[in-house]
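S.K.: For reference, the chains in residue letters:
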Amino acid sequence: MPKFTQGDVTIDVDEDGFMLEPEQWNEEVAKALATTEGVEDLTEAHWKVVNYLREYYLQFGVAPMIRKLCKETGFKLKEIYDLFPSGPAKGACKVAGLPKPTGCV
Amino acid sequence: MSKTPEELLQIHYHPPKHDWMDPSIDFEARRGTWSYPGGVKSLEYLGLPNPREWSPTDEDWKLPPNWQEIVHRGFKDLLTKYRSLRIFMDCCVRCGACADKCHFFIGSGDPKNMPVLRAELLRSVYRKDFTTAGKILGRAAGGRALTIDVIKEWFYYFYQCTECRRCSVFCPYGIDTAEITMAARELLNLLGININWIVEPVANCQRTGNHLGIQPHTFKDNVEFLCEELEDITGIHVDPPINKKGAEILFIMPSADYFADPGIYTFMGYMLLFKYLGLDYTLSAYASEGGNFGLFLSRDTAKRLNYKMYAEAKRLGVKWILGGECGHMWRVVNQYMDTMNGPADFLEVPRSPVTGTVFENAASTKMVHICEFTADLIHHGKLKLDPSRNDWARVTYHDACNPARAMGLLEEPRYLLKHAVNHFYEMPENTIREQTFCCGAGAGLGNDENIDMRMRGGLPRANAVKYVHEQHRVNLLTCICAIDRAVLPTLMDFWVPGVRVSGIHELIGNALVIDGENERTTNLRGEPLHGEGEVSDDV
Chain Y
1 MPKFTQGDVT IDVDEDGFML EPEQWNEEVA KALATTEGVE DLTEAHWKVV
51 NYLREYYLQF GVAPMIRKLC KETGFKLKEI YDLFPSGPAK GACKVAGLPK
101 PTGCV
Chain D
1001 MSKTPEELLQ IHYHPPKHDW MDPSIDFEAR RGTWSYPGGV KSLEYLGLPN
1051 PREWSPTDED WKLPPNWQEI VHRGFKDLLT KYRSLRIFMD CCVRCGACAD
1101 KCHFFIGSGD PKNMPVLRAE LLRSVYRKDF TTAGKILGRA AGGRALTIDV
1151 IKEWFYYFYQ CTECRRCSVF CPYGIDTAEI TMAARELLNL LGININWIVE
1201 PVANCQRTGN HLGIQPHTFK DNVEFLCEEL EDITGIHVDP PINKKGAEIL
1251 FIMPSADYFA DPGIYTFMGY MLLFKYLGLD YTLSAYASEG GNFGLFLSRD
1301 TAKRLNYKMY AEAKRLGVKW ILGGECGHMW RVVNQYMDTM NGPADFLEVP
1351 RSPVTGTVFE NAASTKMVHI CEFTADLIHH GKLKLDPSRN DWARVTYHDA
1401 CNPARAMGLL EEPRYLLKHA VNHFYEMPEN TIREQTFCCG AGAGLGNDEN
1451 IDMRMRGGLP RANAVKYVHE QHRVNLLTCI CAIDRAVLPT LMDFWVPGVR
1501 VSGIHELIGN ALVIDGENER TTNLRGEPLH GEGEVSDDV
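Protein chains in written order, with the numbering used here: chain Y, 1 to 105; chain D, 1001 to 1539.
If you are wondering where the hints come from, they were derived from the structure by calculation, not from laboratory data.
Take the hints with a grain of salt, since some may be wrong.
With a Cα cut of at most 16 Å, we get these calculated EDC-like pairs of lysine to aspartate or glutamate [as the list claims (entries may be wrong)]:
1) Lys1128(D) / Glu1059(D)
2) Lys68(Y) / Glu1059(D)
3) Lys78(Y) / Asp1261(D)
4) Lys1041(D) / Glu21(Y)
5) Lys68(Y) / Glu1231(D)
6) Lys68(Y) / Glu1179(D)
7) Lys1152(D) / Asp1239(D)
8) Lys1303(D) / Glu1360(D)
9) Lys1041(D) / Glu79(Y)
10) Lys1081(D) / Glu1360(D)
11) Lys68(Y) / Glu1224(D)
12) Lys90(Y) / Asp8(Y)
13) Lys71(Y) / Glu1449(D)
14) Lys31(Y) / Glu15(Y)
15) Lys76(Y) / Asp1261(D)
16) Lys68(Y) / Asp1221(D)
17) Lys1319(D) / Asp1261(D)
18) Lys90(Y) / Asp1448(D)
19) Lys71(Y) / Glu1231(D)
20) Lys71(Y) / Asp1149(D)
21) Lys3(Y) / Glu1228(D)
22) Lys71(Y) / Glu1228(D)
23) Lys1041(D) / Glu37(Y)
24) Lys71(Y) / Asp1261(D)
25) Lys1245(D) / Asp1280(D)
26) Lys1062(D) / Asp1149(D)
27) Lys90(Y) / Glu1059(D)
28) Lys1275(D) / Asp1221(D)
29) Lys1275(D) / Glu1069(D)
30) Lys71(Y) / Asp1300(D)
31) Lys1314(D) / Glu1224(D)
32) Lys1319(D) / Glu1348(D)
33) Lys1152(D) / Glu1028(D)
34) Lys71(Y) / Asp1448(D)
35) Lys76(Y) / Glu1527(D)
36) Lys1003(D) / Asp1515(D)
37) Lys90(Y) / Glu1053(D)
38) Lys68(Y) / Glu1449(D)
In this text the structure is predicted, and so the values were computed from the model without any measurement.
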């Protein structure tokens, strides 16, 4: 099983670097994962997206619909791409410690 | 994206010099053309063999010590059960009619992507182990010993087939190459060799009722959110019943339709249509998946996932099932269910409550395709449609492989489009209907790690879209399959930028004139209705 290590953070990840045990997530993990997405500093805007994803995930067990993410955070899709260059599903969800969705998506 | 279009277009159709019978796949060098293996958790959940951590790039694939015996026994079992497979193993005359019909061969130039040679990878082992000539003469009779390298080659090439069956259309013997791929995957599965993009959705579906692992409270929340969005746009309040016992019809759609773009707009189209009709129907948070990734793994998992839709129909006491814009679901329902699960004789032969039409074609499966259902409504003059609301779209239609080739659903989608839009253009005739080209990512191959092979396999389809894009300024590729809706946007961005993707009922929803609605100033995506062929950039 691949491990991702940065500083004091060591977590199990899949081949694409998504967390395998989302319950191990914390803010330090988010900062470490963000560097793999080309995001060196998590700004207030980043945290708004990450925290929303996190809360949604804990309540609903999956990632939210992108349309819902945009509506609830007030960011347009393009703005989320500006924050997380790989986009909401691959970039923001990864930083928020969500597992990768599979299927017809 | 690891390669550019220019790089992928460097296709060499010259076969390599070494003997095809001696396989050797360098998985490390071929990243971008294979998929990650099935995860331990999912395999354990499903009770499938040999769950373990491994990677195709490992030298040791950690197979059981008696792996050869397992494959041999499994092969014998398949040959005994399926006379079709034995015929397919025996009757190929290597005429080559199929060779250049495969999208993966066209896009890669790799001779082992010719359907004839792909089948030969399995057939050579069949000859060696199950025919007298092969047992005695070995290679001279086309027989090949089953080695670890052969197993690795099977994994590589049978997960480079999307089971689309275009080659079968051209085979003079009617060899169904998809069934050869299914047999090979079945054998690999006995050793614990499979891919996560299939195994995890199957495990999710068994656990929560859908590939995405969406639980009932999330299902409800998603449905309600999309209905609120729909109301914001149309002014029409829609409150679809969920798990309602005694409803007349159970509606089952692919899970991506209530989760991912652009399927969610197709979902809005369904909801608006049912509201318009006052249909007595229900959604189900358990039968919350039309798709059946089990089909891409083994007959047992296909059977399990198909069963749950009907178990739920029985539990809810509905009369019949209406199926959404899903692709491979219809292959299972139309061609396997009757013998795999048995006919759904506890349901009634579907009859449209609006027109009275009895769908005799679904007399056994009791499941009607929504395109058949809606086409029948239009045919009887039951829908008021204003196609000018879709004037922003210049449309072409991609036949999804399975509805086209496994159920012959060719006219209905076109009939719907011709009533819902003003600008519809067909792609060249050898790329549509029975001869449709695959999206390049079906049968569980729509993952990101396989991206180069997806773009190669999707090249023939994209090329046909490019033609109508250039000839007729087509800017919307419509389809009736959730895998298509998931993967075609990436394919278009790569090969034909400027073409977007939608389902057909999204366009029906746009065009539907419904009492009490607001004046439509946007389409269901919330984009302003501009003039012909214009699309808003505001996403």
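S.K.: If a hint holds in the structure, say so; if it doesn't, say that too.
M.R.: Hint check:
1. Lys1128(D) / Glu1059(D): With Cα atoms ~25 Å apart, Lys1128(D) and Glu1059(D) exceed 16 Å; violated.
2. Lys68(Y) / Glu1059(D): Violated, at roughly 44 Å.
3. Lys78(Y) / Asp1261(D): 15 Å, holds
4. Lys1041(D) / Glu21(Y): 12 Å, holds
5. Lys68(Y) / Glu1231(D): Measuring from Cα to Cα gives roughly 15 Å; hence the hint holds.
6. Lys68(Y) / Glu1179(D): Violated, at roughly 40 Å.
7. Lys1152(D) / Asp1239(D): 51 Å, violated
8. Lys1303(D) / Glu1360(D): 24 Å, violated
9. Lys1041(D) / Glu79(Y): 35 Å, violated
10. Lys1081(D) / Glu1360(D): The given pair, whose Cα atoms are some 30 Å apart, is violated under the 16 Å limit.
11. Lys68(Y) / Glu1224(D): Holds, because 11 Å separates the two Cα atoms, which is no more than 16 Å.
12. Lys90(Y) / Asp8(Y): 24 Å, violated
13. Lys71(Y) / Glu1449(D): Roughly 30 Å between the alpha carbons, so the hint for Lys71(Y) and Glu1449(D) is violated.
14. Lys31(Y) / Glu15(Y): 19 Å, violated
15. Lys76(Y) / Asp1261(D): Measuring from Cα to Cα gives roughly 14 Å; hence the hint holds.
16. Lys68(Y) / Asp1221(D): Holds, at about 11 Å.
17. Lys1319(D) / Asp1261(D): Distance of about 31 Å is beyond 16 Å: violated.
18. Lys90(Y) / Asp1448(D): Since the Cα atoms of Lys90(Y) and Asp1448(D) sit roughly 10 Å apart, the hinted pair holds (cutoff 16 Å).
19. Lys71(Y) / Glu1231(D): It holds: about 15 Å lies between the C-alpha atoms, which stays within 16 Å.
20. Lys71(Y) / Asp1149(D): 51 Å, violated
21. Lys3(Y) / Glu1228(D): Status violated; Cα separation ~42 Å.
22. Lys71(Y) / Glu1228(D): Given pair Lys71(Y), Glu1228(D) holds - Cα atoms ~12 Å apart, limit 16 Å.
23. Lys1041(D) / Glu37(Y): Status violated; Cα separation ~26 Å.
24. Lys71(Y) / Asp1261(D): This hinted pair holds, its Cα atoms lying about 14 Å apart.
25. Lys1245(D) / Asp1280(D): 11 Å, holds
26. Lys1062(D) / Asp1149(D): Within the cut-off at roughly 13 Å; holds.
27. Lys90(Y) / Glu1059(D): 30 Å, violated
28. Lys1275(D) / Asp1221(D): Distance ~19 Å between Lys1275(D) and Asp1221(D) Cα, so the pair is violated.
29. Lys1275(D) / Glu1069(D): Not satisfied, since the Cα-Cα distance of roughly 57 Å exceeds 16 Å.
30. Lys71(Y) / Asp1300(D): Violated - the C-alpha atoms of Asp1300(D) and Lys71(Y) are around 41 Å apart, more than 16 Å.
31. Lys1314(D) / Glu1224(D): 25 Å, violated
32. Lys1319(D) / Glu1348(D): Measuring from Cα to Cα gives roughly 5 Å; hence the hint holds.
33. Lys1152(D) / Glu1028(D): Holds. Lys1152(D) to Glu1028(D) sits at ~13 Å (cutoff 16 Å).
34. Lys71(Y) / Asp1448(D): Violated - the C-alpha atoms of Asp1448(D) and Lys71(Y) are around 27 Å apart, more than 16 Å.
35. Lys76(Y) / Glu1527(D): Given pair Lys76(Y), Glu1527(D) holds - Cα atoms ~13 Å apart, limit 16 Å.
36. Lys1003(D) / Asp1515(D): 51 Å, violated
37. Lys90(Y) / Glu1053(D): Judged against 16 Å, a Cα distance of about 23 Å means the pair is violated.
38. Lys68(Y) / Glu1449(D): Distance ~27 Å between Lys68(Y) and Glu1449(D) Cα, so the pair is violated.
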